[in-house]
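Let chain A serve as the given structure and place chain B on it in line with the hints.
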Amino acid sequence: MSAQVSTAMISPISEKALSEAEHRDDARLWGRQPVNSFRAAPPANTATDDRLRQSGSAGVLEFPIQGYDPAARVAQELLAEWHGYVTRVGPADNPWFSAVLTGKKGVGVVGEEEDAQIPIDDVSEFDRELVSPGNFFTLSVIREVRSDGQPRRYTQVVFRRLPAYQNRDLEAAAERARQITSMLNVV
Amino acid sequence: MWSDLGRPPADNEYEVTVLGPGYGESVVVHLGQGQWLVADSCVDTEDPLRGSAPLRYLRTMGATSQQAVRYIVASHWDDDHVRGLDAVVDAYPKARFVASQIFNEHRFHEFVEAMAVGSQATNGANVRTIRNVYRLILERRQPVMHAIVSRELHSHPRIRCWSPSDLDHQDFAQFLLSHIPIAGQSMRKALAPPSANLSSVVVSIEWPETSVLLGADMLHSSDDRRGWAAIARECERLGVVRSDLVKIPHHGSENAHSDWMWDRLLTRYPISVVAPFGRGRIDSRPPTSADIRRIRGLSERVAVTARHSASRKIQKDPAVARCLREGAITMTSRTSPLGLVRHRWSPSDSKWTTELFGPAYRAK
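Protein chains in written order, with my numbering: chain A, 1 to 187; chain B, 1001 to 1364.
Chain B on its own, in the form it takes in the complex:
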């Protein structure tokens, strides 16, 4: 797959490449004039070195200079979005690191540093990558930016953040406070709560001719102060160009579906890209076939980075497999193939063209 990626984009071409799952998901955007934005990171599980997939993609596209990446966005703190992010930060020391405000607050770092106590015993406690990111940022005095609702990160193209809402920020902060280790507790791994998805940073990128929405893992909430409802309200208040290409939020899951997003933030029948979830039981991983049907009904085109069925099955000794089955223990490999869906917009075509790599496929 890596040798088939072809030429890098021309200076006047825009590009949105979604990578996943391998382990995680990532979006790489060519903003124009050789400038790039990276949102999140994933690793290629087929790569023996388990290197950062967006970094490998950028290098393949010739984006090797330290100035090539302008922004590195950490949408939220979840293992399947930050794995390999330290390698990206390391490679692009001039990039601005963008994360929700909580990442730069004392309580987040107190949580991370406390969890890292005894990290040999806990194999890094799931905070190794984020600690590495901040170690690099501090060493180089690399600039960090808070992703605050409606903040404009960049003007040409216009890059804006739309979340997390105040309430989602507060909830995540509350989780951190209540989970900071206290003396006498046994050492353990740090785990992000399911509500961490609501603390995702959703980003829009608006060029003069087209725009895209990167949905991260944002979810729907019945509370209109949270999730997509809060974003839609803010977008309406400030005005946003409807996007004709969307990285579907949270792997296309039902609980991330929001009529607000489809009706108010996107053009009618946009192009949708889905990066499947690579963990948990295969029959319950999003997107399910029902999720794909739903997204197809709302989109002009749908591209998915990989099929669940392409996940490698681990062949165990038959006696071991039988014993696990008899004990009602189910296991599913976390090794999913990595695929790429690339969309490029060139001024001559004035439309997005879709390219698929590896196990990626067109669902519509």
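Next up, chain A with everything else stripped away, as it sits in the complex:
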């Protein structure tokens, strides 16, 4: 979150935008995919908010909200999404990782399996420790339109934090392995 202070009207729309911003941060923290549907905070409403604020219309209560920038309100659309897992991590001087991807959303990609090479730069610092063979992530291509109408497209890699192996499960697995090897009919 940025530390800047901005002013905004309390309105159903701005509350929604705030809640979504929090949801995105929450999802990021827990490794969930933050963008999974079309979310709109229509620029027109933002402009209306700004006009009202500038005119100082009576009956509108204004007060600053810490860390909230109305210009950051965006409409986002998920253009394509893949679920993947890391198969190999490149050398330190050429940082990329290779992965197997399965298309989950997007024209022509759903259900398709692809091999990919992805720059590690695309992974947030928070997730870098997870770039390791066998680990799972989601790759998304997102289109967003900022409140000033400026569109942009970008890719986003979010790693999934799966549950940890538990001792009791691993002990049970070892026991099953013992049973399998003892029951094999080796000739």
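Derived by calculation from the structure, the hints in this document are not laboratory data. Quantities reported herein were computed from a predicted structural model and do not represent experimental measurements. A virtual CB, placed ideally from N, CA and C, is assigned to each residue, including glycine. Treat the hints with care, since some could be wrong.
Unchecked claim - Partner residues aside, some chain B positions facing chain A, computed with beta carbon under 7 Å: (1) N1104; (2) V1117; (3) S1119; (4) R1141; (5) M1187; (6) G1280; (7) I1282; (8) S1289; (9) C1323; (10) G1327; (11) A1328; (12) I1329; (13) M1331; (14) T1332.
For chain B alone, coordinates are given in the frame of chain A:
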């Protein structure tokens, strides 16, 4: 392609059919008298059911009885060699399952069972097929055989295993030990190490008139206790009939080339069959054009099951494709066409005849 395969082999005909890539590679061998051997499995990615390609081939050839397949060989644990293998084991419960000794050791199953913990979250963790194989084997008390260097699996024709060497076996076991999940680690997919190729089972089949070498994914190593050097040494010690037909190892890649194999295990200018690798960047997938040139120079005939260029390109939304390009993210489809190269030997001809199906082609 499947409807053009023609008649099954006669009882006195031998056959070696290489299928691939689709996803993976497989070799189906008619040993004679209606008996078959299957080495590895692949799936036809054009088939909506993604069924096992060797199983479909066998059924097309009328090999439907449970006794038709005598041996099912799992050359090594890599996704592009085991996919669909459970369906083959399921269809032929009388077949002997042949795999390197590590497959039947506790540490392998401990690794597989541990990786399978939380398999819903990890979508099977890449161990689903091999678990299915062993579930079936245990349910039916199906016999399993260790592929040990120089072991004779069958006498007429003589089927022998030539690998993995002790050192390659030990290395793979070490990998398993060091990658068994431990409590507190996040669940993940199981991945075979590149060195798993050295743990491949290489098999020779010797009939009275001819013989073949199935090279699996065996690699060259500068250490003569490993890879092709170890195999060649063992073959020389015990004596092996040089093969006049070879399934080229590891998709014809440079790192699988071994002068030992060409000089000591094969006749001069044998018939070579290559199953291309169907994954990764197309320009780096083996066999490259340089690999094909090298194999042509050493062979009488070269047949390849498919061209890389025949791989289907996935048409993405232009905006998505542009965004991925700008982000330096490259993607390559894993959907490669499946082709078949079939060689048959009949006593009347006393030579191998080549037939090509689907995208397969003659490179020489």
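Okay, the hints, checked on the actual structure:
1. N1104: holds (6 Å)
2. V1117: At 4 Å from the nearest chain A Cβ, V1117 (chain B) passes the 7 Å test, so the hint holds.
3. S1119: At about 11 Å, which exceeds the 7 Å cut-off, the nearest Cβ of chain A leaves the hint on S1119 (chain B) violated.
4. R1141: holds (5 Å)
5. M1187: holds (4 Å)
6. G1280: Holds. Min distance 5 Å.
7. I1282: Result: violated, 10 Å to nearest chain A Cβ.
8. S1289: Violated: closest Cβ of chain A sits about 20 Å from S1289 (chain B), beyond 7 Å.
9. C1323: Since chain A brings a Cβ to about 4 Å from C1323 (chain B), closer than 7 Å, the hint holds.
10. G1327: holds (4 Å)
11. A1328: holds (5 Å)
12. I1329: OK, holds: I1329 (chain B) within 7 Å of chain A, min 5 Å.
13. M1331: holds (4 Å)
14. T1332: holds (5 Å)
Hints 3, 7, 8, counting from the list given before, are not met by this structure.
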